[in-house]
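Enquirer: Residue numbers (UniProt numbering), protein chains in the order written: chain C, 1 to 298; chain A, 1 to 435; chain P, 1 to 325.
Where hints are given, some of them may not hold.
Said to hold, decoys possible - Between beta-carbon pairs, the in silico distance windows are:
(1) P/Thr-133 x C/Asn-155: 45 to 51 Å
(2) P/Ala-220 x C/Thr-30: 51 to 57 Å
(3) P/Ala-226 x C/Leu-151: 55 to 61 Å
(4) A/Pro-64 x C/Leu-44: 39 to 45 Å
(5) A/Asn-423 x P/Phe-313: 43 to 49 Å
Claimed, not checked - Calculated lysine to aspartate or glutamate pairs in the DMTMM-like style (CA-CA distance at most 25 Å, straight line):
(6) A/Lys-150 x P/Asp-74
(7) A/Lys-427 x A/Glu-229
(8) A/Lys-45 x C/Asp-160
To be verified - Partial chain A-side listing against chain C, Cβ under 8 Å, derived:
(9) Lys-92
(10) Ala-96
(11) Thr-178
(12) Asp-250
(13) Glu-291
(14) Gly-345
(15) Leu-365
Don't read these hints as lab results, they were simulated from the structure. Note that the structure is predicted; figures quoted are calculated from it, not measured. C-beta: ideal position from N, C-alpha, C; glycine also.
Here are the chains, one letter per residue:
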Amino acid sequence: MTTTTIDRTDAATPQRRPTPKRPGSGRRATAQVVLYIVLILLALAIVLPLVWMLITSFKTDADAVRNPYTLPSPISLDAYTTLASGQQPIFLWLWNSFLAATIQTVLILVTASMGAYALARLDFAGKKVVFGVIIATLLVPPVVFLIPNYLIVQNLGWLDTVLAITVPGAAGAFGIFFLRQFFVGLPVEIEEAARIDGAGDFRIFFQVVLPLARPALATLAVLSFLNNWNDFLWPVYVLLSPENMTLQPGLSMLQGAYSTHFAIVMAGAVIASVPVLILFGIAQKQIVESVAGAAVKG
Amino acid sequence: MNKPWARRAIGAGIALAIGVALTGCGSSGGGSTSVSGDGEYTGPKVDISFWNGWTGGAAPVLVPKLIEKFNAEHDNIVVKNVPQEWADITSKMPLAIKAGKGPDVAVLHGDDLATYAAQKLLLQSDDIVASLGYTAEDFPKGVFDKGNYKDAQYAVPWSVTPLGLYVNKDVAAKGGVTEIPTDKASYTAALEALKGAGVQGEWVDGYVFTGTFEFQSLVWQFGGELYNEDVTEATFNSEAGVEALTWMTDLVADGYSPANVAQDGNIKGLLAGQTAYNWNGVWQTTNSAFEGLNWEAAPVPQIGTEKAVWSSSTHWVFPANKGQDENKTAAAATFVKWMNDNSAGWAETGELPADNTVRDDPALLEKYPNLKPFMDQLDYAHYETVAPGISEANAEITTALNNALTGKKTPKEALDDGADKVNQILKQNQAKYGE
Amino acid sequence: MSNLITTAAVAPQREGAGGPAPVRANGRPAARRRKTLIAYLFLAPFLILFIAFVAAPAVFGLWMSLTDWSPFRDVQHFVGLQNYIDLFGAAGSDFWRSMGATAIFVVGSVPLLIIVPLLVAILLNQRIRGSATFRTIFFAPYVLGVAVIGLVWGYILDTQSGILNHLLGLIGLPDNLPWTVDVPWAWYSLIGVTVWWTMGLNTIIFLAGLKGINTDLYEAASIDGAGAYRKFVSVTMPGLRPVMLFIFTTTILASANMFGQSYLLTKGGPGNATRTAIMYIADQGLSQNNMAPAAAMSYVLFAFLAIISIINFRIQRERTEEGVS
Numbered sequence: 001m002t003t004t005t006i007d008r009t010d011a012a013t014p015q016r017r018p019t020p021k022r023p024g025s026g027r028r029a030t031a032q033v034v035l036y037i038v039l040i041l042l043a044l045a046i047v048l049p050l051v052w053m054l055i056t057s058f059k060t061d062a063d064a065v066r067n068p069y070t071l072p073s074p075i076s077l078d079a080y081t082t083l084a085s086g087q088q089p090i091f092l093w094l095w096n097s098f099l100a101a102t103i104q105t106v107l108i109l110v111t112a113s114m115g116a117y118a119l120a121r122l123d124f125a126g127k128k129v130v131f132g133v134i135i136a137t138l139l140v141p142p143v144v145f146l147i148p149n150y151l152i153v154q155n156l157g158w159l160d161t162v163l164a165i166t167v168p169g170a171a172g173a174f175g176i177f178f179l180r181q182f183f184v185g186l187p188v189e190i191e192e193a194a195r196i197d198g199a200g201d202f203r204i205f206f207q208v209v210l211p212l213a214r215p216a217l218a219t220l221a222v223l224s225f226l227n228n229w230n231d232f233l234w235p236v237y238v239l240l241s242p243e244n245m246t247l248q249p250g251l252s253m254l255q256g257a258y259s260t261h262f263a264i265v266m267a268g269a270v271i272a273s274v275p276v277l278i279l280f281g282i283a284q285k286q287i288v289e290s291v292a293g294a295a296v297k298g
Numbered sequence: 001m002n003k004p005w006a007r008r009a010i011g012a013g014i015a016l017a018i019g020v021a022l023t024g025c026g027s028s029g030g031g032s033t034s035v036s037g038d039g040e041y042t043g044p045k046v047d048i049s050f051w052n053g054w055t056g057g058a059a060p061v062l063v064p065k066l067i068e069k070f071n072a073e074h075d076n077i078v079v080k081n082v083p084q085e086w087a088d089i090t091s092k093m094p095l096a097i098k099a100g101k102g103p104d105v106a107v108l109h110g111d112d113l114a115t116y117a118a119q120k121l122l123l124q125s126d127d128i129v130a131s132l133g134y135t136a137e138d139f140p141k142g143v144f145d146k147g148n149y150k151d152a153q154y155a156v157p158w159s160v161t162p163l164g165l166y167v168n169k170d171v172a173a174k175g176g177v178t179e180i181p182t183d184k185a186s187y188t189a190a191l192e193a194l195k196g197a198g199v200q201g202e203w204v205d206g207y208v209f210t211g212t213f214e215f216q217s218l219v220w221q222f223g224g225e226l227y228n229e230d231v232t233e234a235t236f237n238s239e240a241g242v243e244a245l246t247w248m249t250d251l252v253a254d255g256y257s258p259a260n261v262a263q264d265g266n267i268k269g270l271l272a273g274q275t276a277y278n279w280n281g282v283w284q285t286t287n288s289a290f291e292g293l294n295w296e297a298a299p300v301p302q303i304g305t306e307k308a309v310w311s312s313s314t315h316w317v318f319p320a321n322k323g324q325d326e327n328k329t330a331a332a333a334t335f336v337k338w339m340n341d342n343s344a345g346w347a348e349t350g351e352l353p354a355d356n357t358v359r360d361d362p363a364l365l366e367k368y369p370n371l372k373p374f375m376d377q378l379d380y381a382h383y384e385t386v387a388p389g390i391s392e393a394n395a396e397i398t399t400a401l402n403n404a405l406t407g408k409k410t411p412k413e414a415l416d417d418g419a420d421k422v423n424q425i426l427k428q429n430q431a432k433y434g435e
Numbered sequence: 001m002s003n004l005i006t007t008a009a010v011a012p013q014r015e016g017a018g019g020p021a022p023v024r025a026n027g028r029p030a031a032r033r034r035k036t037l038i039a040y041l042f043l044a045p046f047l048i049l050f051i052a053f054v055a056a057p058a059v060f061g062l063w064m065s066l067t068d069w070s071p072f073r074d075v076q077h078f079v080g081l082q083n084y085i086d087l088f089g090a091a092g093s094d095f096w097r098s099m100g101a102t103a104i105f106v107v108g109s110v111p112l113l114i115i116v117p118l119l120v121a122i123l124l125n126q127r128i129r130g131s132a133t134f135r136t137i138f139f140a141p142y143v144l145g146v147a148v149i150g151l152v153w154g155y156i157l158d159t160q161s162g163i164l165n166h167l168l169g170l171i172g173l174p175d176n177l178p179w180t181v182d183v184p185w186a187w188y189s190l191i192g193v194t195v196w197w198t199m200g201l202n203t204i205i206f207l208a209g210l211k212g213i214n215t216d217l218y219e220a221a222s223i224d225g226a227g228a229y230r231k232f233v234s235v236t237m238p239g240l241r242p243v244m245l246f247i248f249t250t251t252i253l254a255s256a257n258m259f260g261q262s263y264l265l266t267k268g269g270p271g272n273a274t275r276t277a278i279m280y281i282a283d284q285g286l287s288q289n290n291m292a293p294a295a296a297m298s299y300v301l302f303a304f305l306a307i308i309s310i311i312n313f314r315i316q317r318e319r320t321e322e323g324v325s
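Chain C on its own, in the form it takes in the complex (with noise of 0.2 Å):
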């Protein structure tokens, strides 16, 4: 035990570790084997129903409705090709998608830590009222912003444009709500070094809130990325053109209105998942760095 491989978050912080204490390393062995059992069942309870999603991409349109439980025979491409010379631009709605959620993120980002900054560390007028509302909103459910924003959205001839799915979205509370949670628990020390240094607000905020925070703003931002590339009620209504279309209302679209083309639609499944998932596993790495580089930092 003493001489396992530690991961990154190990290296950074390896006192804060909770080292349970057992007597007798039999019994501490036994105890591994179960917690490895444990978590391998459910790692594969979780994997497998995407591994099936892959190995029906990989079956002819046949094959998949006519033997659903067996694996592909023949293993074939049809369902990829057919969807990448099909006549819906997935790989369009792809790129639309990507677009969409970064800018998005962005906007929550900045928008979000000032704003979260503000209300975890300034005192001011109206604050209370502000983030009472602020947090109010978070109750109210998403489906009553929808008429209202689109016609909003409508008046500022922003719709069938990236503006539409992006600006509206980054309003929303929980980024703010999220932010300022982190904010108030971050020690008020440094702070107060720096603003005994002379530094105002502005500057502290970014060469000393923000440093520190970027292990809940990479935490945020891949939440808020996930967010909007998953949105798929909202993009139906304000997107018209085919080229301007989101990968979430796209994929509905190749569900196809009357057959059951599984393969094909596993594929576009497959085609909607991997990106983020590869995007997920880089940024994954990212927020456990930073979490890491903010606790070394000093």
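Based on the hints, put chains A and P in the right spot on chain C.
Expert: Chains A and P only, in chain C's frame:
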């Protein structure tokens, strides 16, 4: 394929027609529409957008081809294809039209037409239709009138899609059934024989696309109606309705069908060789999963006292966008006419072209022999009920069906409860859409 | 490496333990005005968006609920509370049944969405090989959209041709369970799929919270002779309290807003048994042109969520205060 006698009238009428339609709707008119003598749009070059729900089957390949051909033949019109899910069209198109961002031409299902018309989202197209030379006689009986709302015509038929009986012949043979059943006696006998061979012959579900449309067909077969004449009251809970639904629940009770079939589970079961019969729409004829399967389609068997079958229909409409450009509508009319004239290939998508001259051309059946049983049924097909907001009421029929088939309620209870709901909805609809 | 500043990477636990935002002395009014100005400069970018796309539509929605509003009619009538009266006057109506369905889902899913991730986080917080890999795997489904979830699970859960029933049959269990067709199975499916899909989020938040707990506390507990259970109750749970508030609140909200899973997997069936409030409201407002009643419904749902959240805040705050004293 064109109707020469109608052609002359087209050009003269169409320009006037569109002006009337637009001003009749209170949209900004002005300027004169340019249409030549043979109905061709001759005005300045316009881009028109065309919304449709053809996202599956052969349509995603075929529609762009047709449009490409049309665009090539018309150097002053560029049609832009905008396919999306039917459900998405239902929810977004009204708002888009109000915002002036809707399409210049679209295809809608028959049961949506009145809802759109009542909300003034479509151009009144009596004159456009007349100038294109269409009358009710050009289409299967009852289809053209689905586009009629309060004595005005809002739509031109495009396709019809009746239900049929799909048969997996290899599975049927397991029960020694070689003839395709045509009536209650032979159908029951076939199911019984299959049961003896350990096969559940028809998987009945409580969802749209199969169960709902089977039920509606049966109601008509038993001499019932879904709604009363002026669609102010539900009548699907009549004796005929109860008989129809009981017949369906009996399929499960008698062991001819498994319980709890998921949506589309039946067609999947048929394709996978697990069941012999499925009542499904003509659109399945082009499902590529049928390749290599020993199958046949037939008219739905006559279970009740008369022949009847459910059918949907699709129609061309001209949306009344805020500030609709009349040149675009004129170009759209030209497009509609051209599409109907060239709709022979449309059978490729598993829909029957509505235009009689196109559909009755023997060449069509030569190329698509599977469509014959569906065409044969058109004489006694019943199309969807037309009334503003009817889809909300229709959804209750499916709910009732689902309640009965999952054993939550008896057929009569389920239908009576559904009818109560529907009557409320119909009353609300009158308040909502009436005036 | 050894002189690390152990400022919490995930900080929320300090909120409970230490005081929140420092209240600096604010002497003269001029200085205070300046501070307020600076604060609003910080808030401005967010507030502009917030007012335009959250506050304004929320107010508009509220107004809508007091009228017979429809985008397709030229004249709107103010009807006062009529839409609300209609809702409350009709017990057993579709709306209340959909609220009931939402309640079932919340009660069924929230405990699992908290307990399972908490246990998983505790497992992952042990010193094990590949902890990061497991964490990545458990979080992975969360990155997928509900459209993908619906497609994949619809395929797996099909009563007759789904692979789940097939596998159950292979090991001698019933192979005809109506996972998406009949209750209670449909509820098990909806809850199970939701746990499968979103447990990763709460897991990483719990994990971050666990890493933020000061190890000294565990050492001290060990010296006092506390066992694993005792440590969990007296060190882990109090340490997770602030995270718990966040998770509890967001999980309840997420479950109460459930829509996609029902819409895609069970179509709200059997009958309308799994049609959730959001699904019903969306249908009424967007497909059936009943926008004003739909707006009223969403505010009724909002009221319920607000009440639950306030109770939740109160309870958690009391606990936190107890923990401090």
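Enquirer: Does each hint hold? Answer for all of them.
Expert: Hints, verified against the model:
1. P/Thr-133 x C/Asn-155: 45 to 51 Å: 49 Å, holds
2. P/Ala-220 x C/Thr-30: 51 to 57 Å: 27 Å, violated
3. P/Ala-226 x C/Leu-151: 55 to 61 Å: 60 Å, holds
4. A/Pro-64 x C/Leu-44: 39 to 45 Å: With a Cβ separation near 43 Å, A/Pro-64 and C/Leu-44 satisfy 39 to 45 Å, so the hint holds.
5. A/Asn-423 x P/Phe-313: 43 to 49 Å: 45 Å, holds
6. A/Lys-150 x P/Asp-74: Cα-Cα ~20 Å, so holds.
7. A/Lys-427 x A/Glu-229: Roughly 15 Å separates the two Cα atoms, so the pair holds.
8. A/Lys-45 x C/Asp-160: Given pair A/Lys-45, C/Asp-160 holds - Cα atoms ~23 Å apart, limit 25 Å.
9. Lys-92: Hint holds; A/Lys-92 Cβ to chain C Cβ min 5 Å, cut 8 Å.
10. Ala-96: 6 Å, holds
11. Thr-178: 22 Å, violated
12. Asp-250: Violated - the Cβ of A/Asp-250 stays beyond 8 Å from chain C, reaching only about 27 Å at its closest.
13. Glu-291: 5 Å, holds
14. Gly-345: 15 Å, violated
15. Leu-365: Hint violated; A/Leu-365 Cβ to chain C Cβ min 21 Å, cut 8 Å.
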